[in-house]
Amino acid sequence: MGKPWSPAILCLFLYTSPTVLAKTVASGNAFSQPKSPGLDSVNLYIGTTGTEPNKAGGMIPSVAPPFGMTRWVAQTQVSYVSATPYNASWALEGGKEHNEKIHGFMGTRQPAIWMGESGSIAVVPGVIYEEPDGGVNLEDIRTEFESRGLKVVSRNDPQAVDYGREEVVTPSYYSVLLDDGLDGRVFCEMSATSRVGHVQFTFSNPTKGKGKKRPYILIEAARPSIITSTPTNVTYPPGYVKFTPSTPQGQPRSDEQKEQPQLEVCGYSTERQDSIITPVSGQAAASQFKGYFCARLNFPSAWDPTSTTTPPSSSSPISYDYGVIQNGTAYPGKQEASGPVLSAYVFLPDSNKDSDGVVDIRVGTSFISIEQARANLDSEIPSDVTTGPSEAAQADNDHEGDEKAVVGDAKPGTLEWTARGVRSEWAELLGRMEIEVGGEDDKEAEVMKQVFWTGVVHSLQYPSEQHEANKYWSGAIWALQILLVPERIPGMVRSMLQDYQQYAIPPKQSGWLPMWKNIVETNIMVGTHADSLIAEAVLKNVSGLNTHADRELAWEAVWKDCSVPPVADWEREYGDREEFVDYEVRAGLSSVYNVPGKGWVADDVHSESASRTLDYAYDDFAAYTLAKLLKKPRNILVFLYVRAMNVPFNLFNDETGFMEARNQDGSWAGEDKGWTEGDKWAYSFDVVHNVPELIRKRGGRVNFVKSLEEHFEGGHNDHTNEPSHHIPYLYALSGAAFKTQERVREIAKENYGNLADGLTGNEDCGQMSAWYIFSAMGFYPINPVSGEYVVGSPFFEHIRLNLPNPSITTTASSTAAPIAITISAPGASTKPYVRSLTVNGVRVNEPVIKHEQLVAAGGDGNVEVVFEMSETVEGWGNDREVLAALGVWGAGKGEWSRDEL
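Take the sequence shown: its letters are residues -22 to -1, 1 to 879, numbered as in mature numbering (1 follows the signal peptide of the UniProt record, and there is no 0).
Where hints are given, some of them may not hold.
Listed below are the simulated DSS-like cross-link pairs for lysine-lysine, each with C-alpha atoms no more than 30 Å apart in a straight line [unchecked claim]:
(1) K74 to K828
(2) K684 to K809
(3) K651 to K33
(4) K828 to K684
(5) K576 to K606
(6) K651 to K538
(7) K312 to K220
(8) K538 to K609
(9) K809 to K828
(10) K312 to K606
(11) K421 to K33
(12) K675 to K576
(13) K675 to K606
(14) K74 to K609
(15) K389 to K421
(16) K828 to K609
(17) K79 to K33
(18) K421 to K13
(19) K651 to K576
(20) K538 to K576
(21) K610 to K538
(22) K538 to K606
(23) K129 to K190
(24) K33 to K675
(25) K538 to K13
(26) K33 to K74
(27) K651 to K609
(28) K610 to K727
(29) K651 to K606
(30) K190 to K79
(31) K33 to K727
(32) K610 to K421
(33) K129 to K74
Derived CB-CB ranges, DEER-like [claimed, not checked]:
(34) N524 to G648: 42 to 50 Å
(35) E671 to G839: 33 to 41 Å
(36) K727 to A138: 18 to 26 Å
(37) K421 to E551: 19 to 27 Å
(38) H76 to T525: 52 to 60 Å
(39) D135 to S207: 33 to 41 Å
(40) S541 to G839: 39 to 47 Å
Calculated from the structure, these hints are not laboratory results. Cβ coordinates follow ideal geometry from the N, Cα and C atoms, glycine included.
Given these sequences and hints, build the entire structure.
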C-alpha cells in the first residue's frame, strides 16, 4: 500500500484495424482532438500486469477524465482485492492465451490493486441465434463471467505496441474488436465523463452465419463478489433493476413515450468488497451504501442504420424484448427485480434489414440516488436520440475500402462528443508540461517519454471525485498534485475535514481524518498521514484554505490525531485488515508511545509497531509544522517537536546499527518484527524529518554513506514499495550528491519501462509514477512538509511547467499570475552528473531547492532552473572526505574521476 504522504508508445491510438487507425489518427476526428503530443505518448498498457500482484503496477487502463468518479474499463478477469478488472497477462512470456477475452465493460471504483470494488456495474454485449419459430432461447444468454467472454480479434504481430490486439487504449477513448462466437464480430467503443459511462456496440450483419442472430445487451447490477484476496471467499450482495419508461413487452411505444429516452434501465449495486474492514462505529451508516445507476439505450439501427439524423416516428414504432435474469433464471418482460446475482437484458430491436446492429448506451452513476444518477446523465452527456454508429465503427465496417464521410463537429450525445470532451480535459492538464528528450529515432528516449506521460496520467487519476450537485465530496492529496493541479487541493482538504466532522462518535462530536478511505474508511496502513497532507497544503499556501475557520478546523482534526488514542487502545492489536475494530488512527498512542522516558509503539501490544512508531513521529513533525504556521502556543510546539525528533531514535539499536521494534518493557522485539511493507534496511533510513540526527547515529557522513552503499550493493533496496523511494536521495544530504545522481537513474532504468509489466511495483494511486516524474525533473520531496526538494539528476534536456499559481483563489477577482517553471539540463541524456545549479540566476550551492523558489516567479511569471551537466563526477554537492572514502579523488580543477577499484 505505502504511505499516502509520499509525493509524490508509440502513438497511443493503437490498432483496431488499419482503416480505424487511419480514421482515428490521420483524419483528425473527435477521438484524436484536440491535439496533444503528451497525450499521444501515453501508453495505458504500462503497469497493467506482472508476475504477481506485488510485482505489478496494478493499474486499470480506464477511460475517464482526471479524478473521474466512476472509471470505465474492459473486463479481462474478475476483480477483487489483489486483482484489477483488466490484467494484460497475455503480454507476459508464456501468457499468450491468458485473459484473451473481454467479459464486459465495467464502471469501476477500485482505487488500487490491494483495495476492493464498490458498487460496480457492467455492460456486456452478446449474440445468440434465433430459433426457427422466430423466438429465442433465453437460456442461451450468457450471464456467468467466464461464459460471457468474447475473444479479442488479433493479428499475428505480438511485437506491435498493441501486442497484435485489435484494441485502442487511451484515457479518453477505448475500442476493441471482438469475435461474437457465431461467425460475426462486435466492435465495442467506450468513453466516460466523471459520472457517466458512454458505451457503443456495433454488431456485424445479423444474418451472416448459420442463421439469424439476435444481439443483446446485459446490464449486470449484482454479481458474485469476492471478499478478501481469496477467490473462493464469495458473497452475494443484492442489487436492484427497473425498466423505465414502462413499455409493455413486445409493444410499440406511445407518442408520449417517444418523447422520453428510448429505453432506460436503472438500479443499484450494494457491493462493497472492503465492507468487512469498516470501523465498527461506521458500519451502520456504511451498510446503507448503494452504487446507483441509470442507463439509457438508444438503437439507431432499429429505424435506419444508414442515417444518423432520422429519429423514430409513429410510422416506425420500436418494440423491445427485455427482462431480468436472476440466479441464472430468465424472467421475460419483468420490469423490476431485486436480489443477488441480478442482471437486466435487452435484445436489439429487429430492424428487418441486412445491416449492422448498433446500440448506444449512456450510464449515469451516483452515490446518492437513482434520480441523481439520471440527473448526472442529463448534465454530463445530454440526450441525443439521433446517435448512430461512431466514425470509428463506420471505418471498421468499411471492409471494401469504400470510405464513408468523416463526422465533422461532434454533436452532443454522440460518442465522439463525449470522447472529445474527456480528451480536452486531459489535454489541458498534460499541456501544463512540456518535455524534450532525445531525437525521433532514439528508442530509449521514446520509452522515457511514454513512461513520463503515462506517469502523469496515472498520477492524476486519483483521488476520485465523489461530489454530486455539491452534495458529497471525498479525496486525498500528493505533493505532485500541489504542483500540477493546485486548484484541486482545497476540495480534497475539505473532503478530509468533512470526514473528520462526519465520522462522529457519538453524534455531534468530532470524528477522525481518513487513513485509507475507499468510499468509507478501511483502517488499512499505519500512521495518520492526512496530518501531513493538510500541513503541506497550508505550508505551500494553497488557495481556499486561508480562512481562520478552515485552518482552525484543520488544526483541531490534526491535533486530535496527535493526542487522542483509538478505542480500546491497550486491548486491540489493530492488525492489518483486522475485522470488528473501530477507527484505528494512532494505535498505541496511549501505551508507551507517550510515556516520558520511553516513546514507541509496543510490539507485544500492537502489530506493525516499529513502522507505526516512525510514521507517528513524522506525523508529529507535520502537526508541529502546521502548529507553527498557525502560531499555536509554545508548549504545543515544544511538545510536538521534541516527540517528533526524539521518538524515532528510541528504536535505534546501537549494537546493530539498525532500527528495531521494542516491547512495552523496553526489550528488543527482534530485527524482523514490527515492519509494514519493508524491513530493517528500509526503515532504518526512514527519519526523513531529522536526517542530520540519523546521519549522526550512523557514525557521521562517511559511515552513513557507506551504510547506504551497503544497502544498495547488498540488494536491499526495494523500489517496488514506497518505504524505499526516498532512500537514494539521502546520499545528497550526506555529502555524496553524485551517488544520488547515479542511483536515481539506475532505479528509473530498472523499474520503469513501456511494456505492460513496465512497473515493477504497485502504482498505489500514482506514487510509483510520481517518483519518476519528480526524478525526471531533477528533484524529489523526501519530506513534503519541509517545503524542500532534494536535488538528483534530471533525465530530460528541457522540461517546462505551465502551472496555476497555488495561491490563486477561485474568484474572478484574483490577480495572481500563473507560473512558468523551465528546467534546463543540456546534455542530460548522456551527462548524469551535476556541475552547477541556478534558480533564477542565483547559484544553489547545496543539493536542496525550496518550494518557494519554484513558485516565486518574477514580474514575468517565469522561474528558470538551470542544471549544468557533466559526464564525470563534479565537486558540486559532494564532500571531499566522503569522496575520498568512496575512492573518488580530485583529478583537476572542478573535475573528479572514479576509482576503477
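To see whether the hints hold, each was checked on the structure:
At most 30 Å may separate the alpha-carbon atoms for a hinted pair to count; K74 and K828 exceed this at roughly 49 Å. The suggested pairing of K684 with K809 holds, with an alpha-carbon distance near 25 Å, which does not exceed 30 Å. Distance restraint check for K651 and K33: the Cα-Cα separation of roughly 23 Å lies within the 30 Å cut-off, and the hinted pair is therefore satisfied. A hinted pair counts as satisfied when its Cα atoms are at most 30 Å apart, and K828 with K684 qualifies at roughly 27 Å.
Between the alpha carbons of K576 and K606 the distance comes to roughly 25 Å, so the proposed pair stays at or under 30 Å and holds. As the CA atoms of K651 and K538 are separated by approximately 28 Å, the hinted pair is consistent with the 30 Å bound. For a cut-off of 30 Å, the pair hint linking K312 to K220 stands: about 9 Å separates their Cα positions. Restraint check for K538 and K609: satisfied, since their Cα atoms lie roughly 17 Å apart, inside the 30 Å limit.
Between the alpha carbons of K809 and K828 the distance comes to roughly 24 Å, so the proposed pair stays at or under 30 Å and holds. The suggested pairing of K312 with K606 is violated, with an alpha-carbon distance near 64 Å, which exceeds 30 Å. As the CA atoms of K421 and K33 are separated by approximately 25 Å, the hinted pair is consistent with the 30 Å bound. Straight-line distance between C-alpha atoms of K675 and K576 comes to about 18 Å, which keeps the hinted pair within the 30 Å bound.
For the hint linking K675 to K606, the alpha-carbon distance of about 27 Å falls within 30 Å, and the restraint holds. Restraint check for K74 and K609: the C-alpha separation of about 61 Å exceeds 30 Å, so the hint is violated. Note on K389 and K421: the hinted pairing is violated, with a Cα-Cα distance of about 39 Å set against a maximum of 30 Å. A distance of roughly 22 Å separates the Cα atoms of K828 and K609; the hinted pair therefore holds under the 30 Å criterion.
About 23 Å separates the Cα atoms of K79 and K33, which keeps this hinted pair within 30 Å; it holds. With a CA separation close to 23 Å, the supplied pair K421 and K13 stays within the 30 Å bound. Using a Cα cut-off of 30 Å, the hinted pair K651 and K576 holds, with the two alpha carbons roughly 18 Å apart. With a C-alpha separation of about 21 Å, the suggested pairing of K538 with K576 holds against the 30 Å cut-off.
For the given pair, K610 sits about 15 Å from K538 by alpha-carbon distance, which is consistent with the 30 Å threshold. At most 30 Å may separate the alpha-carbon atoms for a hinted pair to count; K538 and K606 meet this at roughly 16 Å. Distance check on the hinted pair: K129 and K190 sit about 21 Å apart at the alpha-carbon level, within 30 Å; holds. A C-alpha spacing of about 33 Å is found between K33 and K675, which places the hinted pair above 30 Å, so the restraint is violated.
Proposed proximity of K538 and K13 is contradicted: the alpha carbons are some 48 Å apart, above 30 Å. For the hint linking K33 to K74, the alpha-carbon distance of about 19 Å falls within 30 Å, and the restraint holds. In summary, the hint linking K651 to K609 is not supported, as the alpha carbons are separated by about 39 Å, beyond the 30 Å threshold. With a C-alpha separation of about 46 Å, the suggested pair K610 and K727 falls outside the 30 Å cut-off, and the hint is violated.
A distance of roughly 35 Å separates the Cα atoms of K651 and K606; the hinted pair therefore is violated under the 30 Å criterion. A hinted pair counts as satisfied when its Cα atoms are at most 30 Å apart, and K190 with K79 qualifies at roughly 24 Å. Straight-line distance between C-alpha atoms of K33 and K727 comes to about 16 Å, which keeps the hinted pair within the 30 Å bound. Distance check on the hinted pair: K610 and K421 sit about 55 Å apart at the alpha-carbon level, beyond 30 Å; violated.
Proximity of K129 to K74 is assessed by CA-CA distance (about 13 Å); at most 30 Å being required, the pair is judged to hold. The beta-carbon spacing between N524 and G648, approximately 48 Å, falls within the hinted interval of 42 to 50 Å. Checked against the hint of 33 to 41 Å, the C-beta distance between E671 and G839 comes to roughly 39 Å, which is consistent with it. At roughly 24 Å, the beta-carbon separation of K727 and A138 lies within the given 18 to 26 Å, and the hint holds.
For K421 and E551, the Cβ-Cβ distance of about 51 Å falls outside the hinted range of 19 to 27 Å, so the restraint is violated. At roughly 54 Å, the beta-carbon separation of H76 and T525 lies within the given 52 to 60 Å, and the hint holds. The hint said 33 to 41 Å for the Cβ distance between D135 and S207, and at roughly 35 Å that hint holds. Remark: the range hint 39 to 47 Å for S541 to G839 is upheld by a beta-carbon distance near 42 Å.
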